[in-house]
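Engineer: Listed here are the chains, written in short residue letters.
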Amino acid sequence: MDSTGLKSNELGFVYEFHKKMISMNLTLVYEGEFTQDITKAVLSMTEKQMAYSGEQSTVKKKVFNIMVECLQNICKHSENTYYNSSAIFMVGLEEDTYFICTGNPVKNENVELLKMKMQEINNLDKEGLKALYKEIVSKGTISDKGGAGLGLIDIARKAGTKLEYSFEQIDNLMTFFSFMVKIPRSKEL
Amino acid sequence: MEPLFLEGKEDTPKIILNSQSNQYLISGRSLPEDATSFYSPVLKWLDEFSTQTVADPNVKFEVRLEYFNTASSKLLLDIFSKLEGLSENGKKVTVQWYYSEDDEDMLEAGEEYSELVDLKFEMKTY
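Protein chains in written order, with the numbering used here: chain A, 1 to 189; chain B, 1 to 126.
Any given hint could turn out to be false.
Calculated lysine-lysine pairs in the BS3-like style (CA-CA distance at most 30 Å, straight line) [as the list claims (entries may be wrong)]:
1) A:K40 x B:K44
2) A:K158 x B:K91
3) A:K60 x B:K124
4) A:K134 x B:K120
5) B:K82 x A:K139
6) B:K82 x A:K145
7) A:K19 x A:K162
8) B:K14 x A:K145
9) B:K60 x B:K14
The following residues of chain A were derived to be distant from chain B, with all beta-carbon distances above 10 Å [claimed, not checked]:
10) L28
11) K40
12) T46
13) S53
14) L124
15) F167
16) T175
17) S178
Everything labelled a hint here was simulated from the structure, so no lab data went into it. Note that the structure is predicted; figures quoted are calculated from it, not measured. Note that beta-carbon positions come from the ideal geometry of N, C-alpha and C, so glycine has one too.
Can you build the whole structure from these sequences, using the hints too?
Structural biologist: Laid out in structure tokens, this is it:
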């Protein structure tokens, strides 16, 4: 019995996958359950990779901060679908820009709110984001999921770029939410 | 009053709140999943502290954070609001906000807190 469902002559996918990751400049891909322990492990791996590549500390801190918010957003907001409970997290470096991508299922009914929130953030400039952050940090409350409603705003502020996203409906309950943020290594970009 | 001491971990900061030695410190990384529970003993300690009279009214509250998540940022503001309350009770509170010289985001975060609460902030590099 082949318990993995794969035959040895199909193992070519390993090499294909490896080449795909390299061609897409991905340095880390994690697919599965997201918990605080997984978050810590992913953070520590990326931190080590960046230290090894000699990345400057300001960039390391920005990437680290944004990763924390992305990972904790998944922990708090990813919905389990009836066929799986996993989400995906990716980090890459293309030329002079780090990119962090996440993908997770959300309930259809939450899509519009999430879209509006990201549109609102993308329409604001640096000062506008700062004002919104200060307003929510001082007037907002921590949700029952433990979020402060500040994650996406913080990501946009730290990255200094627009949030990119798309939604693909899975079925009449769930939608897959794909998200990307780019973090330029140099300020001038 | 009993001091509060929490050992720093990978995702939670070291905390010292000691009215005997007049030392108040938060340092390290603050990325707990549940920031409300993590900071609840700190807020409780500060509530009790506000009722105490101390020999030296000068309270220097040191914040030396390398990273903090957005849930912690809300709780930090709650802490500063409690510290604001101490000033009304005759204690002279100064927040010493440390940031790494090249870390503009951390400097900006400190400046924002100083705009949100009525407390003296000293920005210091480490």
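Engineer: Give a verdict on every hint.
Structural biologist: Hints, one by one, checked against the model:
| no. | hint | in the structure |
| --- | --- | --- |
| 1 | A:K40 x B:K44 | holds (28 Å) |
| 2 | A:K158 x B:K91 | violated (35 Å) |
| 3 | A:K60 x B:K124 | holds (21 Å) |
| 4 | A:K134 x B:K120 | holds (18 Å) |
| 5 | B:K82 x A:K139 | holds (16 Å) |
| 6 | B:K82 x A:K145 | holds (24 Å) |
| 7 | A:K19 x A:K162 | holds (29 Å) |
| 8 | B:K14 x A:K145 | holds (24 Å) |
| 9 | B:K60 x B:K14 | holds (16 Å) |
| 10 | L28 | holds (18 Å) |
| 11 | K40 | violated (6 Å) |
| 12 | T46 | holds (13 Å) |
| 13 | S53 | holds (18 Å) |
| 14 | L124 | holds (16 Å) |
| 15 | F167 | holds (23 Å) |
| 16 | T175 | holds (24 Å) |
| 17 | S178 | holds (21 Å) |
In this structure, the earlier hints numbered 2, 11 are contradicted, and the remaining ones agree with it.
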